[in-house]
Amino acid sequence: MHDDDIKHPQAAAEFLQDRPHARWHDSAVWWVRKKRDAQAEKLPEWEQLRALADQIKAHTLSRLDEYLAEFANKAKSNGVTVHFAQDAQEHNTIVHGILAAAHVKKLVKSKSMLTEECGLNPYLEARGIEVIDTDLGERIVQLRHERPSHIVMPAIHLKKEQIGELFEKEMGTEHGNSDPTYLTHAARANLREHFLTADAGMTGVNFAIAETGGVVVCTNEGNADLGVSLPPIHISSMGIEKIIPKMEHLGIFTRLLARSAIGSPITTYTSHFHQARQGGEMHIVIVDNGRSAILGSSEFRKSLQCIRCGACMNTCPVYRRSSGMSYSYIIPGPIGSTLGPSRDIKKHASMAFACTTCGSCSNVCPVKINLHEQLVGQRAKAFDANAVPRLKKWAIQTAGFMMKHPALFDFAGKVQRTIIPIVPEALLKNSAWHKYGRATPDMPKDSFKDIMRKRVQGDKK
Amino acid sequence: MKVALFISCYVNELYPDVAMASLELLEGYGIEVEYPLAQTCCGQPLVNNGDLKGACQAEAHFANVFKGYDYIVAPSGSCVAHIKKYATKASKLDPNYVAVAVKTYEIIEFLQEVLNVTRLPKAVSFPHTVSIHQSCHGLRALHHAMPSELQLPYHSRLASILTLVDGIVVKTPERVDECCGFGGTFCMDEPAVSVAMGQDRVAQHQATGATYIVGADSSCLMHMGAIAKAQNTPMRARHIVEILTGRGE
Ligand code: SF4
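Note that the protein sequences, when read in sequence, are chains H and V.
Following my numbering, the numbering of the first sequence begins with 11 at its first residue and continues without gaps.
Following my numbering, the numbering of the second sequence begins with 588 at its first residue and continues without gaps.
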């Protein structure tokens, strides 16, 4: 489902071809950032909350093994079955095993980027299990056989007309009707059917509390609750990094999460699950899938503090203009651009460069991940792994050489300055500088150094 | 006080007037300024492209050229941010490098924090509306203004020093500090996004009614200026030192 060959510059240029739509995308996502600002402003203790959240997460990651063991033991004593999965494959096998044992034909799912990461849907579908994503945005991208383009607003890259057409085809809604309320109602009615007929429900996990062995899921549509309350089997998948030590820490994160994510003071549903409902089963699958490797890296460990609020995407000026579909990893934007390359630098190198290093993401992040610094760190990995274009690497190294040799450096500058104005415009028109609408800057006759050198020589005479 | 002027590659090659204005501004306050001719680049483009070895050597060269001065002053927030904050780990562990880096200042910061200036060397009038462009590195790495993401009291170095200019009207655009899309080699690696960002930014500056975009980084100004020029709009981009020395027109 997800395209291995995406290179950000090309994919972004493609998205930007429909400039009015790209503008709409930018404004829609920016609007969420503004809502976040308005909420954050209302809390005088906002920066303190961020500092606390950062400290708690950093502390937890420093003793993750202990907290994971505490969590698993507690959960088990609550009657929950706990599974550990090394990687995506193992995760999928475990989930399939649970479902197969109970002869599940249909699974309803809510709020899980982790199952996307593991490629669970195609895995189960290939084994005859119908999987229904129940969050509206997720449902839309599922029906389009796409991956989500945003971790909180998965279908934000689509126009409402595109959704209208999709629903007409899939659910028989009225031809040409793309009224959002109408379409939402249609989707709800359709989903209700699935809720009632599903044999198992699956959710992600926002926070797992070591002290109590319980998991917390934050949603706005309430689908997680429906999905795990109606059918008898409840499976929760979580990455190892979702742990927080105690219940008393939760409030800090829930206060930050909804405000950062969608600019509302709290999510509509903050659901706690500690044990199976009567007569049912509850399973928690704890997944590593590359996380412990990141945990072992002092430079990138902090990326595991992420609470998946999506604020970094909303503030990212590159993401807003290129959409999530232009990133090669399942998680787009600033956080995806460090997580993806941590996993496979060759495949995701273009993500690390899809950034102006403006730093807005690091400032907006509720757990203070140094995102823009991590992306620059990932570039060094790309450079060493030869995952940057060869010509570019050569140019960079040449520039570096000249920086140590002032005379060469000055000479190269002069060549550039005197040549650019006389090269016919036609030759330049297709250069990266000009192609999309930049004129040639005026070139001065002398560099500052030339002027100063003349001055020094003049003084000597 | 022995002050060295550090002129970034962009400014040296494309904006000698900005360098000249910086020199004049500092000298206007009676400071003895030297311009070491052996200087090259701070190494930022190399770090940004992942060449840490090359960057480290460029940084060592920088430290070598600028040791022995009381202050190093540069009209470029982005380079100063690199020197002080984003240099390679190896350089940050090198006491010679650190000794130079701590004495390096962006020019407006130097005027305000070290010289505590309350007036300009000579009276300057600029009877125009200008829109402030807070370049990202000056903003978020050097705290030239309060970044809009943080919930802390507001201030802006550029806005406050521009009040010393006669007749000027200072505006801030909607999305007060969004990035212009330049981003070093990003402007060439990702031209479609870079230009889209720049076009949006120029439009936001224009919407304030300003005819000048004023900032403290020639690179961002070059990018926005080139976009405004391609669009044939009357909007012009000026480095703040040009305004402060009466060269803005
Ligand atoms: S990196 Fe920070 S801002 Fe981005 S999704 Fe994670 S928690 Fe939110």
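Rather than coming from a laboratory, the hints here were simulated on the basis of the structure.
Heads up, some of the hints might be wrong.
So these bits of chain V aren't anywhere near chain H, every CB distance computed over 12 Å [stated by the list, open to error]:
no. : residue
1   : TYR616
2   : GLY637
3   : HIS724
4   : MET809
Which residues of chain V face chain H? A few of them, derived with a C-beta cut under 7 Å, are [claimed, not checked]:
no. : residue
5   : MET588
6   : VAL590
7   : ILE594
8   : GLU600
9   : VAL757
10  : GLY770
11  : VAL780
12  : ALA783
13  : GLU836
For each residue, glycine too, the CB sits at the ideal point set by N, CA and C.
For each hint, the structure was consulted:
1. With a minimum CB-CB distance of about 20 Å to chain H, TYR616 of chain V clears the 12 Å threshold, and the non-interface call stands.
2. Listed as outside the interface, GLY637 of chain V is inconsistent with that label: its C-beta sits roughly 3 Å from the nearest C-beta of chain H, within the 12 Å cut-off.
3. Its beta-carbon lying about 8 Å from the closest one in chain H, HIS724 of chain V breaks the requirement of being farther than 12 Å from that chain.
4. Its closest Cβ contact with chain H, about 5 Å, brings MET809 of chain V to no more than 12 Å, contrary to its assignment away from the interface.
5. Evaluation of the MET588 of chain V hint against chain H yields a violated restraint, the C-beta minimum of about 20 Å exceeding 7 Å.
6. Proximity of VAL590 of chain V to chain H is violated relative to the hint, the smallest CB-CB distance being about 15 Å (cut-off 7 Å).
7. Taking 7 Å as the C-beta contact cut-off toward chain H, the hint placing ILE594 of chain V at the interface holds, the least distance being around 5 Å.
8. Using the Cβ-Cβ criterion of 7 Å, the hint placing GLU600 of chain V at the interface with chain H is satisfied: the shortest such distance is roughly 4 Å.
9. Interface restraint check for VAL757 of chain V: the shortest CB-CB distance to chain H comes to about 22 Å, outside 7 Å, so the restraint is violated.
10. Residue-level restraint check for GLY770 of chain V holds (minimum Cβ-Cβ distance to chain H is 3 Å; threshold 7 Å).
11. Residue-level restraint check for VAL780 of chain V holds (minimum Cβ-Cβ distance to chain H is 5 Å; threshold 7 Å).
12. Hint on ALA783 of chain V holds. Least Cβ distance to chain H is approximately 5 Å, under the 7 Å limit.
13. A distance limit of 7 Å between C-beta atoms decides the matter here; for GLU836 of chain V the minimum to chain H is near 15 Å, and the interface restraint is violated.
Consistency with the previously given hints fails for numbers 2, 3, 4, 5, 6, 9, 13, ordered from lowest to highest.
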